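**Q** Residues per chain, in single letters:
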Amino acid sequence: MNSNIKILGLNKILLLVIITAFSAGNVHAKDLESLVNLKGYWKFTIGDDPDWASPDYNDSKWTKVFVPQSWEQNGFQNYNGYAWYRRTFTITPPKSAQYVYLNMGYIDDADQVYVNGKLVGASGKMGPKSETAFGIPRMYPIPKSILNKEGANLIAVRVYDDYNDGGITGGEINISFDSDQFKMNVDLSGYWDFETSIEADESNRKVITYREGKIFVPGFWEARGYNQLDGRAVYTKSFTYPANLSTRDQVLFAGRIDDVDEVYLNGEKIGSSSQLRRKHRRFSYSSDHLILRAYDIPDNLLNKGGENTIEIMVRDHTGPGGIYDGPIGITDRETASPIIDKSLKDNKSSFQKFLDYWFD
Amino acid sequence: MGSASISFAQDLKKVMDLSHRWKFSIGDKQEWANPEFNDSDWEWIDVPSAWENKGFHGYDGFAWYRTTFSARQLHDKHALYLQLGYIDDVHEVFVNGVRIGLSGKFPPRFSTAYNVFRSYKLPPDLLQETNTIAVRVYDDGGEGGIIHGNIGVMMDVDAVPLDVDLSGSWKFKTGQYAHESIDQMESWDDIIVPGNWEDQGYKNYDGYACYALEFNLEERFAKDRMVLTLGKIDDIDQVFVNGVLVGQSGEFKPQTVHERSNSWQQLRGYYLPTNLLSASEKNTIVVRVYDATLGGGIYSGSIGLISQDNYIKYWNKRRNK
Chain A
1 MNSNIKILGL NKILLLVIIT AFSAGNVHAK DLESLVNLKG YWKFTIGDDP DWASPDYNDS
61 KWTKVFVPQS WEQNGFQNYN GYAWYRRTFT ITPPKSAQYV YLNMGYIDDA DQVYVNGKLV
121 GASGKMGPKS ETAFGIPRMY PIPKSILNKE GANLIAVRVY DDYNDGGITG GEINISFDSD
181 QFKMNVDLSG YWDFETSIEA DESNRKVITY REGKIFVPGF WEARGYNQLD GRAVYTKSFT
241 YPANLSTRDQ VLFAGRIDDV DEVYLNGEKI GSSSQLRRKH RRFSYSSDHL ILRAYDIPDN
301 LLNKGGENTI EIMVRDHTGP GGIYDGPIGI TDRETASPII DKSLKDNKSS FQKFLDYWFD
Chain B
361 MGSASISFAQ DLKKVMDLSH RWKFSIGDKQ EWANPEFNDS DWEWIDVPSA WENKGFHGYD
421 GFAWYRTTFS ARQLHDKHAL YLQLGYIDDV HEVFVNGVRI GLSGKFPPRF STAYNVFRSY
481 KLPPDLLQET NTIAVRVYDD GGEGGIIHGN IGVMMDVDAV PLDVDLSGSW KFKTGQYAHE
541 SIDQMESWDD IIVPGNWEDQ GYKNYDGYAC YALEFNLEER FAKDRMVLTL GKIDDIDQVF
601 VNGVLVGQSG EFKPQTVHER SNSWQQLRGY YLPTNLLSAS EKNTIVVRVY DATLGGGIYS
661 GSIGLISQDN YIKYWNKRRN K
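Line by line, the protein sequences are chains A and B. Per the working numbering, the first sequence starts with residue 1, numbered consecutively. Per the working numbering, the second sequence starts with residue 361, numbered consecutively.
Worth flagging that the hints you see were computed from the coordinates, not collected in a lab. The hints are all genuine.
What follows is a set of in silico ranges between Cβ atoms, one per label pair, in the way DEER data are often shown:
id: 1; chain 1: B; residue 1: G603; chain 2: A; residue 2: F239; range: 47 to 55 Å
id: 2; chain 1: B; residue 1: T634; chain 2: A; residue 2: E199; range: 28 to 36 Å
id: 3; chain 1: A; residue 1: G75; chain 2: B; residue 2: G421; range: 48 to 56 Å
id: 4; chain 1: B; residue 1: F470; chain 2: A; residue 2: E199; range: 53 to 61 Å
id: 5; chain 1: A; residue 1: D230; chain 2: B; residue 2: N576; range: 44 to 52 Å
id: 6; chain 1: A; residue 1: S286; chain 2: B; residue 2: E546; range: 54 to 62 Å
id: 7; chain 1: A; residue 1: F66; chain 2: B; residue 2: E540; range: 45 to 53 Å
id: 8; chain 1: A; residue 1: K118; chain 2: B; residue 2: T616; range: 31 to 39 Å
Remember, it's a predicted structure, so these values are computed and weren't measured experimentally. All C-beta atoms, glycine included, are put in the ideal place defined by N, C-alpha and C.
Make a model of the complete structure from these sequences and hints.
**A** Pasting the structure below:
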C-alpha cells in the first residue's frame, strides 16, 4: 500500500470533518437584521404561576441566568419541571412591517411565550402529559400593535422540562426582520390557508396570532401548534396581483421549506424542490431544506389586477416541517437574481463545499 | 434499569458515628423494638462485626441489636438517614418502636439481603431528644449480624426541606392494573419509601407496580401552591393525587424506556394544581411505576410536599452551593 495516498485520503476526511463541524450549528446565513439582541442574562425562577406573564409582576427577587444555555449549565443541575424567564426590551420596529419575528432559539421541552402579557407563541406540550419540541427553533411573529414603541416591553417565557436538559438551550435569541422580505413586490408572508391531517394543538389556539384553518408563514409548523405533524400539508394563498406590475419575468419566492414541495400557481405547476435540487447540483435529499425556493413564473400566468391562487404541497420526512423561513412573495427577476445568488453561495451543503474544493 | 451502586446516588455526609458497642441478644421478641424495653442485662457487641467472631460461634437464626443516640446536635432533621452497612441475611429496623426499614424476607419465605447496602430515611416527626434503634436480624447460615460498612446517621446534602414529609411506610402492589383496586389498598403489602422494591421482598421483579398513600394535611398547606417531590424513580412513573394526573415520565410507556435510558436518575418534582389537596378529607397519592430491568421503584431522595415558595428557595440555595 502506498502510504502517501493513504495520508492524503486521511487529510481529506479530516477536512470534511472540520467543514461539517463548522457548518453544523449554522442552518444558513441570511439577511436577517436583528432589531433587538436578546442573548445574555435573563431573570429566572423555577416554579409556575400565571401572574409571572404580566408586565406588572415584580421579578426583582428572581435570580439571573444566561440565555441561551440549559438551566443545568446555569447551576440548576437535575432540575425538571416548570420555570420562567423574563426580560424587558425597547424597540423601534420598521415602519413597513406589520409583524416582527421573535426568535427564542431551542427550548427544552415545551414553552409558552408572552409579550406584554399576551401569548404570542407556544410549542410542545406542558405537563402532566408533556410532549417535547426541543429540536424546533422557536420563531413567533409579534404583531406590531402589541409593542410599546416608547418604553419597555416584557417577554416572559414559561418552560416545562420533562427530563434531562431544560430551558432555553441554544440558537438565535433576538427580534428580527428579514430585509429580503422588503424586496418582494408582492409580500406573501403572513396568513396562508393550511390543510393537514391533524388539528392544531388546544393550547396553541390561545396564541394571539392563531387563526382557525390558517398558519402564519414563515415558521416551522411545530411552532404553530402542529407539533406531531410529520407528512403532508397544503398551503394555499389567494391574492390580487397589482395591475401596475408586469406579468413577465417574475419570480415566486416560497422561502425555505422542510423537506420537499410542489408549487402550483392558478392551477399550473410552476416548480418543485426536486427540480431545484437537480438545477443546483445537489446530490442528497438531506439538504433540501436549505434550498431557497425561487420559482420562475411562466410569463402571463399571473392574473393582472385579478385574483391569483398559489398552492404549495409540502411533505416533511422527519423533524421540523413546513415553510420555515422567508422571503415569501413575488418580485421581478432583476431583484430576485442577487437574492438567489447569495443563497447559493451561502447555503452550499458541507459535502458540496468539500466537492467544489477538491474537484472543481 | 439501574445498578446496585444506585444506593449511593445520594450525596450522604456522616453526621454521627454509630460504630461502637451496641446491646445484643439472640432470640426474637416483638417487644424488643419498644424503646421502653430494658436491655440492661443484654450482652455488648461491637458493631460492625459478625456475631460468630464475638462469642456467638455457629449461631444461626434471630438476634436483635439495640442502641440509643441523641438528636440534640442533629440539624436539618428532614435530611437524616440511618445507615447500617451490610447485614447478613435479613433485617428490619425500628426507631423509637416504629419500623423505618426492611431488607430481604424473613422465614418462612426467606430471601437474603446480605449484599444490600441501604440507608433508611429517619422520619423527622419520629425523632426525640434520645432515640432508640432496634435492629431485628435473621441469619440463615454462615456469618450473621451487622457485619461491615459505614455505620451512622447520615445527612443528604441535597435534601429538600419538605413541609410535609411523606417518606416511610406506603402501600404497594405489583401488576399493570394494580391501581384499579386502589379501594382495597388496606390489603396491599407495606413497603418503605424510598427504597428499591428488590430489597423489600420483590427480588428480581420487573414490570408494573403501584404505590399508594393516604394522608391528612394541615389547612395552610391545602391552600398553598404545592410541589410533590418523589426523589428518583426507576424507571418511569405516572402520578395521581386525589384521582387527578399530576405528572408522568413522557408517555409512561414501557417501549419509551430505552430512549429515556437515564430516566431513573431524574429528580421528580410535580407541581400540583391549586385546590387539589384537601384539609378536611384524606388525600391519596397513587404512583404507578414501570421498571424495565434491575432495581425498581421509588428508590431515593426526598419524598413529600413543599410549598412552591420554599421549593424555589431550595433550588436557588442549591444552585449557589
